[in-house]
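So the chains spell out like this:
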Amino acid sequence: MDELLKLLKENALESPDNLARLLNRSEQDIKKQIEEYERQGIIRGYQAIVNEDRLGLQRVSAVIEIKITPEREGGFDRIAERISKFREVEALYLMSGTYDLLAFVSGDNLRDVALFVSEKLATIQGILSTATHFMLKTYKVHGVLMEAQRTDERLKVS
Amino acid sequence: MNGSKSPEKRTGASRVADYLRDIPRSGIRDFFDIVSTRKDVISLGIGEPDFPTPWRIREAAIYALDRGATAYTSNRGLLKLRQGIRDYVDRVFGVRYDPETEILVTVGVSEALDLAVRAVVSPGDEVLYHEPCYVSYRPTILFAHGVPVPAVTRAENGFRLTADMLEPLVTKRTKALLLNFPTNPTGATLGREELEGLARFACRHDLTVITDEIYSELTYEGEALSIAAFPGMRERTIFLHGLSKGWAMTGFRIGYACAPAELSEAMMKIHQYTMLCAPTLSQEAAAEALRDDRDTVEMRRAYEQRRNYICSALNEIGLPCHKPRGAFYVFPRVGDLGLTSRDFALRLLDEYNVACVPGTAFGACGEGFLRCSYATDLEEIKEAMARLAVFVKRLR
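So the sequence lines, in the order shown, correspond to chains U and C.
The first sequence maps to residues 1 to 158 in this note's numbering.
The second sequence maps to residues 1001 to 1396 in this note's numbering.
Please note that the accuracy of each hint is not assured.
Unchecked claim - With a straight-line Cα cutoff of 25 angstroms, these simulated DSS-like cross-link-like pairs (lysine-lysine) come out:
1. Lys6(U) to Lys1323(C)
2. Lys120(U) to Lys140(U)
3. Lys1382(C) to Lys31(U)
4. Lys137(U) to Lys9(U)
5. Lys85(U) to Lys31(U)
6. Lys156(U) to Lys1269(C)
7. Lys1382(C) to Lys1039(C)
8. Lys9(U) to Lys140(U)
9. Lys156(U) to Lys1382(C)
10. Lys67(U) to Lys120(U)
11. Lys6(U) to Lys1039(C)
12. Lys6(U) to Lys140(U)
13. Lys1393(C) to Lys1382(C)
14. Lys1323(C) to Lys1269(C)
15. Lys156(U) to Lys140(U)
16. Lys9(U) to Lys1382(C)
17. Lys31(U) to Lys6(U)
18. Lys67(U) to Lys85(U)
These aren't lab readings, by the way, just hints derived from the structure by calculation.
With the rest of the complex left out, here is chain U:
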């Protein structure tokens, strides 16, 4: 992956001026490159990584394993696209192994997610079965540890 993309993945808020210094390029050059990535759809958006456990929200997250019957035309894609349009679905992947799709879902409460699965998801034609696993605690998201404090035990001068 390009160094600029790596840096933005680490910290999307890094200013073009700083990115230019880090990569030994001009600020103009960096801005153009970012625009280019956005235009090509390589950069799809910018988000903060939030430890929701700390917010005291009562929200509920789950992963759902979904088995489907692939269609003659369109394979898994048509059903997958249909599922991914639901607001509740935060991420969706086609998987190898004993099930076909893996959905990351969240709702305001347990009932919310349960209703989504039973009324929206399971009723879609082509879906054979679902298995829902509720998440209990978050340890690491997008490569970021949720609880670790940055500590520096080094001597101040060495």
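Fit chain C to the given chain U structure using the hints.
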């Protein structure tokens, strides 16, 4: 006691061996004592990685402790670690050593350096080295009752060392040449041509070369070269390396020395009687470390970007600074602002709470320079540069 004639009683200082009294404490430690009295300091004075040791390495140490790997190892170190060292040094530097007779695992490169100097230097022998340099070279030579002979490297040449700088320093007593590239504190590296010149110089005067390669993984431009790989050099070179910097393992204290069998045996003897072996858990961790260098590559990438940042910031502030090609230090010139290095560093600490090490800690020729380490979080570097800019503006 018991009527035996007592000569004049020794006082505290006179109980200490004569040769030690004149050797000053490390200038780094000296500055550390000042900095450690203060709170909330942004420190660019730290000579070790800010990354934690990669988890797979720490996990290997935990596993080793779990299964009770807490006995001595052989004096030379765990065989699997020595084999890992053989493969690594061969792959990266193109020199192959025999793990049975030519590789010795030590407690950091510091021990390895001490062993190498003691194995080579007889009292009165002269040892060439380059300044500014890491604080321990001169004292290590003195501990072996050798005579340190520094060659001064200069900012205008990127602090590089060439054979013609050494030639006038050679005498009948010159025994060895000590090299450290990339250099702490300047970040200087040597190219193929300079190394070739130094190799020919060493052969011409039949010198033993001790080369400290501790920063070699942190080489940003050009290839990591060791003088040990040049024609005629393997037989006369003691190659020192370790895992502290490249693998962020400073506290594990693992270094190693590769050298022809006779030299290695001599070093092993001292090591055997004074250290026995490097800590076993650390050796287990080091063996795991050498299996993979992806973490090292990732860390190097981060250091390189910070280097770019800090050089561009320093030059903008108006502190001229050659772009170091290795290690994680920049060595800007601060001598044109009317303060000595030490006063500059003290005021920067006192008034702006930013710690850097005065260049004089690395030799008298470091006067006028400041060592800034960029083994520090980028956000801290940014803040330190902003404060430094204000200070420099005020001095102008």
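Hints versus structure:
For the hint pairing Lys6(U) with Lys1323(C), the CA-to-CA distance comes to about 24 angstroms; that is within 25 angstroms, so the pair holds. Annotation: proposed proximity of Lys120(U) to Lys140(U) is violated, straight-line Cα distance about 29 angstroms (limit 25 angstroms). Proposed proximity of Lys1382(C) and Lys31(U) is supported: the alpha carbons are some 21 angstroms apart, at most 25 angstroms. A threshold of 25 angstroms between alpha carbons decides the hint, and for Lys137(U) with Lys9(U) the separation of about 24 angstroms falls inside it, so the pair holds.
Of the supplied pair hints, the one linking Lys85(U) and Lys31(U) is violated, its CA atoms being roughly 32 angstroms apart against a limit of 25 angstroms. A distance of roughly 36 angstroms separates the Cα atoms of Lys156(U) and Lys1269(C); the hinted pair therefore is violated under the 25 angstroms criterion. As the CA atoms of Lys1382(C) and Lys1039(C) are separated by approximately 19 angstroms, the hinted pair is consistent with the 25 angstroms bound. Straight-line distance between C-alpha atoms of Lys9(U) and Lys140(U) comes to about 15 angstroms, which keeps the hinted pair within the 25 angstroms bound.
Proposed proximity of Lys156(U) and Lys1382(C) is supported: the alpha carbons are some 18 angstroms apart, at most 25 angstroms. Taking the CA atoms of Lys67(U) and Lys120(U), the gap is about 15 angstroms. The hint holds against a cut of 25 angstroms. Between Lys6(U) and Lys1039(C) the CA atoms are separated by roughly 34 angstroms; this puts the pair beyond 25 angstroms, and the hint is violated. Between Lys6(U) and Lys140(U), the direct Cα distance comes to roughly 18 angstroms. Compliance with the 25 angstroms bound is thereby established for this hinted pair.
Among the hinted pairs, Lys1393(C) with Lys1382(C) is consistent with the structure: their alpha-carbon atoms are about 17 angstroms apart, no more than 25 angstroms. For the hint linking Lys1323(C) to Lys1269(C), the alpha-carbon distance of about 41 angstroms lies beyond 25 angstroms, and the restraint is violated. With a CA separation close to 30 angstroms, the supplied pair Lys156(U) and Lys140(U) exceeds the 25 angstroms bound. Of the pairs offered as hints, the one joining Lys9(U) and Lys1382(C) holds, with about 20 angstroms between alpha carbons and a cut-off of 25 angstroms not exceeded.
Note on Lys31(U) and Lys6(U): the hinted pairing holds, with a Cα-Cα distance of about 15 angstroms set against a maximum of 25 angstroms. Under the criterion of a C-alpha separation no larger than 25 angstroms, the hint pairing Lys67(U) with Lys85(U) is consistent with the structure, at around 18 angstroms.
Hints 2, 5, 6, 11, 14 and 15 from the list above are not met by this structure, while the remaining hints are.
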